[in-house]
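Letter by letter, the chains look like this.
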Amino acid sequence: MIDLKTLTITKAHEDLVAKKYTCMDLAQAYLDEIKKTDGEVHAYLEVFDDVTQQAEAAQKRLEGGETNNLLLGIPLGLKDNLLVKGRKVSAASKILENYVATYDGTAIAKLKEKGVVFLGRLNCDEFAMGASTENSAYGVTKNPHDTTRVSGGSSGGSAAAVAAFEALATLGSDTGGSIRQPSAFCGTVGFKPTYGRVSRHGLIAMSSSLDQIGPITRTVEDSKIIYDAMKGSDIFDSTTLSNDFKADVKAKKKIGISSSMVEQGGIDPEIKKNFYESVERVKKAGYEVVEVSLPNISYSLPVYYVICPAEVSSNMARFDGVKYGSLSEGANLLEDYMKTRGELLGKEVRRRIMLGTYVLSAGYYDAYYGKATTLREIIKNDFRKVFEEVDAVLMPTSPTPSFKIGEKASDPLQMYLADVFTVTANLIGSPAISIPSGKTEGGLPLAAQFVGAFGADELLLSVADDFEKTF
Amino acid sequence: MISKEDVKKLANLSRISVSDEELESIPGEISAILDYVSQIDKAVSSGAPAVTYPLKNVMREDANAHESGVHTEAILNEAPKREGEYVKVKKILG
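Going down the list, the protein sequences come from chains F and D. Going left to right, the first sequence walks through residues 85 to 555 as the working numbering numbers them. Going left to right, the second sequence walks through residues 510 to 603 as the working numbering numbers them.
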């Protein structure tokens, strides 16, 4: 009997090498747990039919002497927007219900080479647009800590699967917090690397200047293992950083905080209390905590909700019922387009396309998109100065703990406000990580978020590791 | 404030059909979001220099091209309608 509740990638690797169990035993333990739990949680959209064969192939490599490969035989779940050749990938949308990927994404190909065992594809908000998985065309993923509450989003299935012991680790994608916020809601570690560290080739595009693939795990160390396996420049993604790109930073053992950010309205009192507890933990871990000036930080969210829909409206133009995906037929070609996109895309996706079309249209472009891109650069410069003084900025991941299913579903603006602490890292391209930092009185997970300097992923992970050790 | 007529125009530009029922709810939702994001207008003074965006399109050399036709079948299989080696659409010219 494998104790999944205490298992990490490093521990599982040791056990596999020590022959305590086989890769097949490990994969089967997760398949059993999925069978037992997922009816209630609904993290998975599909469990792959070749899990045992993948595990057998990994076991063969292990027995052949490949004992230094930490990821060999490790069971991993995938967000339903990552392309695996020959497998369905739907982006939790009706429009891609029967789409089969024709190639492996770069991150997927790298993990395949490592001998990772892919368990299945995980639920998310449609095309990764949302903060609760309520926008999935295939039903909501419930929070394993309280099934009347959301798992967060958009990578809600990925976080819930790790929290419910239905996968040892998972992959998500993060455009405005979609790895970190569900991690905060479900009590897992969620890491968004620097923009350009992990290739986006084979990730269904939402907002191309913000999207990044990253891991959701039980520990910081496990996140680093998966990140190290996925990172690297890629000919298929011209925005990837060169492999020898290094951030020009030195460890200063200093962490920045912005009290005004935490004291703004709309922050749950338990989140605030926990934030100040995290500040004490950071000090206990040997860091000096200093107040930093981020004068334009309050504009991050409105800037994000101009740039993101603008890029969405452009990226979603490819779904026309002609090249791939499903078609809803009308009387002529124009009606084919209108009906396919009107009937097979969900409400939030359609809303963002229209919003993006509006902010990019002649007469409004300068007032919205032009101003937003200018402000984005101003916010970047503010942070550049801050990272001359500190190793990372500490803030909450989410303004509230997990909310009730249905609570915000009818008010899109309220749902957007859930991203207030996470979007900044995407706008400035920085790495950011969410780490469990306690629980509410009601037993819901709480989280601390560290945002690092552009390209300083390693330093950020070492800060996160130090913080994690205080528990 | 976004009107029903504005939404009809946006929907048409975006190639999205909108039901009568949604024509009632969408104008208010989009107006609320635009109202919220409009605060960026105050943050950047009219005299502030426009920042040139650092990303640009990069074209790679078309080297090591794969053999012609090796991916055709897999890709065409994903098209909703096909005829032989063509993607099929309704006629465009009347």
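I should point out that these hints are in silico values taken from the structure, not numbers from a laboratory. Watch out, some of these pointers could steer you wrong.
[As the list claims (entries may be wrong)] With a cut-off of at most 25 Å between alpha-carbon atoms, the simulated DSS-like pairs for lysine-lysine come out as follows: (1) D/K597 / F/K423; (2) D/K551 / F/K178; (3) D/K590 / F/K423; (4) F/K407 / D/K599; (5) F/K95 / F/K194.
[Unchecked claim] If you only want the chain D side, here are some residues facing chain F, beta carbon under 10 Å, derived: (6) M510; (7) S512; (8) L519; (9) A541; (10) N566; (11) R569; (12) E587; (13) K590.
[To be verified] Derived CB-CB ranges, DEER-like: (14) D/Y595 / F/S398: 48 to 56 Å; (15) D/R569 / F/D312: 40 to 48 Å; (16) F/D134 / D/E582: 19 to 27 Å; (17) F/E372 / D/E514: 55 to 63 Å; (18) D/V567 / F/E473: 31 to 39 Å; (19) D/S528 / F/Y448: 24 to 32 Å; (20) F/E472 / D/Y595: 33 to 41 Å; (21) F/T136 / D/A541: 36 to 44 Å; (22) F/I319 / D/E530: 44 to 52 Å; (23) D/E514 / F/P379: 51 to 59 Å; (24) D/D515 / F/G527: 44 to 52 Å; (25) F/P379 / D/E576: 31 to 39 Å.
Note that this is a predicted model, so its numbers are computed, not measured. Backbone N, C-alpha and C fix where the C-beta goes; we use that ideal spot for every residue, glycine too.
Taking the hints in turn, this is what the structure says about them:
1. D/K597 / F/K423: holds (17 Å)
2. D/K551 / F/K178: violated (40 Å)
3. D/K590 / F/K423: Given pair D/K590, F/K423 holds - Cα atoms ~16 Å apart, limit 25 Å.
4. F/K407 / D/K599: holds (13 Å)
5. F/K95 / F/K194: holds (22 Å)
6. M510: violated (13 Å)
7. S512: violated (12 Å)
8. L519: With a closest approach of 5 Å, the D/L519 hint holds.
9. A541: Holds, about 5 Å.
10. N566: holds (8 Å)
11. R569: holds (6 Å)
12. E587: holds (4 Å)
13. K590: This interface hint holds because 7 Å falls under the 10 Å limit.
14. D/Y595 / F/S398: 48 to 56 Å: Once the Cβ atoms are compared, 27 Å apart, the range 48 to 56 Å for F/S398 and D/Y595 is violated.
15. D/R569 / F/D312: 40 to 48 Å: violated (26 Å)
16. F/D134 / D/E582: 19 to 27 Å: holds (22 Å)
17. F/E372 / D/E514: 55 to 63 Å: Holds, since F/E372 and D/E514 (Cβ atoms, about 58 Å apart) stay within the stated range.
18. D/V567 / F/E473: 31 to 39 Å: 34 Å Cβ-Cβ, so the 31 to 39 Å window holds.
19. D/S528 / F/Y448: 24 to 32 Å: holds (25 Å)
20. F/E472 / D/Y595: 33 to 41 Å: violated (58 Å)
21. F/T136 / D/A541: 36 to 44 Å: violated (50 Å)
22. F/I319 / D/E530: 44 to 52 Å: holds (47 Å)
23. D/E514 / F/P379: 51 to 59 Å: Once the Cβ atoms are compared, 40 Å apart, the range 51 to 59 Å for F/P379 and D/E514 is violated.
24. D/D515 / F/G527: 44 to 52 Å: Holds: the Cβ-Cβ distance is about 46 Å, inside 44 to 52 Å.
25. F/P379 / D/E576: 31 to 39 Å: Given a distance of about 57 Å, which is not inside 31 to 39 Å, the answer is violated.
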